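K.L.:
These protein sequence lines map, in sequence, to chains A and B.
Mapping of the first sequence onto this note's numbering: position 216 corresponds to residue 216, and the numbering continues sequentially without gaps.
Mapping of the second sequence onto this note's numbering: position 245 corresponds to residue 245, and the numbering continues sequentially without gaps.
Check the hints yourself; a few may be wrong.
Each pair may be met inside one copy or between any two copies, as identical chains are not told apart.
What the hints assert, rightly or not - Listed below are the simulated BS3-like cross-link pairs for lysine-lysine, each with C-alpha atoms no more than 30 angstroms apart in a straight line: (1) K256 to K244; (2) K288 to K244; (3) K288 to K51; (4) K259 to K66; (5) K125 to K240.
None of these hints come from the bench; they were simulated from the model.
Note that the structure is predicted; figures quoted are calculated from it, not measured.
Each chain, letter by letter, is given below.
Protein chains: 2
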Amino acid sequence: MGKKLHRRNFFQKFFLSGTGFLLTSAFFRKANASPKDHAPLLSQSGNDTLKTIHNLRTIHGNFSNKVIPEHQLQQVLQASIQAPNASALQSYSIIVVKDRNKMKELCGYQGSALLLYCVDYNRLKAGARSLGYDYHPDGIMRFITGSTSTILAVQTAVIAAKALGIDSLATNGIHRGDMQRIWNMLDLPENHCYPLIALVLGYADQEPAFHKGRLDGAGVIHYEKYHQLTTDEIEEMTRKYDDKDLHLGLNDNWDKDHKHYLDWLFTRWLGVGAGRMDKESQAFTLLKRSQFADL
Amino acid sequence: MGKKLHRRNFFQKFFLSGTGFLLTSAFFRKANASPKDHAPLLSQSGNDTLKTIHNLRTIHGNFSNKVIPEHQLQQVLQASIQAPNASALQSYSIIVVKDRNKMKELCGYQGSALLLYCVDYNRLKAGARSLGYDYHPDGIMRFITGSTSTILAVQTAVIAAKALGIDSLATNGIHRGDMQRIWNMLDLPENHCYPLIALVLGYADQEPAFHKGRLDGAGVIHYEKYHQLTTDEIEEMTRKYDDKDLHLGLNDNWDKDHKHYLDWLFTRWLGVGAGRMDKESQAFTLLKRSQFADL
């Protein structure tokens, strides 16, 4: 219980300070170095779109005050909805927030604009009602299908923004603290609407200090069927997280108090040892209220 | 109950015939026409990445036998994992399937390769266990956060593939029929692993007959707070779905038996009127088994 509280406080501290991050990016560029290229198949491709993906990076607390031109914001929105979506339902709503104080309260971060992506069937329900149909998009499969369509649209916006030189942060900060505030602040419908991610858009006020890499190979990419990692492969994974040149983890200071990065991750960040859940989360209570849990 | 069964049979028929689709794409090109441009902010941008997004389209039953060069498949995979991901956990597994019979059985479609994306914490659990930690990524918030990271990676693959001239279909066909087959066929772990989407990659054997558009404006994009559609806006939405030039829906033949596209959608495709769920879905039962439902 003590460790669980510790973790909660840790998150809360990060949330309140606005310097924390949960969604990390692929690449940070080091200003005065020639960093290892973690994705040479992209950087050496000569393909603009692959290079855009190669250059993706997440900006955390340090967006500048520079404003995104309205035309470019509209390009990002138009791109976002081109993503594939289940049954052509577009079962999402995108709420554009430019009020910087509201952004901070919603997710802990501020940029030029925030796009709040919700899985949302209410537009369709209104259409059904107007024609005399009683449409109940209840249950977990509607949630999974709807949230899939929603997140496909999020990443299309992330890549379109980067193509326009706009940085981003996709954060689940909306799920920290009292989640009910999101419904209250944005007048979200109680049923069949659930906020999934806040996409903060803007410009970095300074270049990040280092590249971020990605774990690849065994355990991430499997061929023909699921591969359970061998003892050797698990040790190799632990070693990779410890290799600071790869920048796979959330920080580089784990070795002050821990033998391995994963020791830091599991004790300090994830707070394991606290055991399984001892009560239902607010997230689940709200999922049930939204009618997205079965029965 | 009758209508519910009807809907189930409808889905099953589509699934078995392999001609159905649940995830639709942004754009289909008409061979001998000058179709309306649904996303001029992208096509006229002069930006290669925005044009790639503009050209996204979903291929359904008609992938050719052409094989994706292995180098390009690896580019798509390397691109996919550059997506942002929560806490740098990469809480997903990507299973590459090239066996065409297996593809068909998994999702009802066949292309050159299938990437099966699962939210998956088992690699991290193995790392924790090796260091003596008992890591329980239980509950709906781990599922939502993990599935968000997973779907961000999916759409990065979709866009990277398109940049290389490779078409795709992101389908939840894996959730139709007996879902347990996915675990059986791919040796998926029972806990903390859940298959979300099958991304079929390949080449169209013929160009789709028409463009697909997207609903935009009120009810899709909101400003500063959620906007409930007015009666006029709902009628406008219904009218847009009925405008065949916009190609917003799943088919163009709805007007044989229905007044509006939405009549067809709600009666024939979504099967409303069958009322709320009367028993727990297999999807939810498996979500509970995976430990991703609270308590």
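K.L.:
If a hint holds in the structure, say so; if it doesn't, say that too.
P.N.:
Here is what the structure says about each hint:
1. For a Cα distance limit of 30 angstroms, the shortest separation of K256 from K244 inside one copy, 13 angstroms, qualifies, whereas the shortest one across copies, 64 angstroms, does not.
2. Proximity of K288 to K244 under the C-alpha cut-off of 30 angstroms is found in neither arrangement, the shortest distances being 42 angstroms within a copy and 37 angstroms between copies.
3. Taking CA atoms no more than 30 angstroms apart as the test, K288 paired with K51 passes in neither setting, with 42 angstroms inside one copy and 40 angstroms between copies.
4. In this assembly of identical chains, K259 and K66 lie within 30 angstroms of each other by CA distance neither inside one copy nor across copies; the values are 42 angstroms within and 49 angstroms between.
5. Taking identical chains as interchangeable, the C-alpha atoms of K125 and K240 lie at most 30 angstroms apart only when they sit on different chains, with a minimum of 16 angstroms there against 49 angstroms within one chain.
The structure is inconsistent with the numbered hints 2, 3, 4, although it conforms to all the rest.
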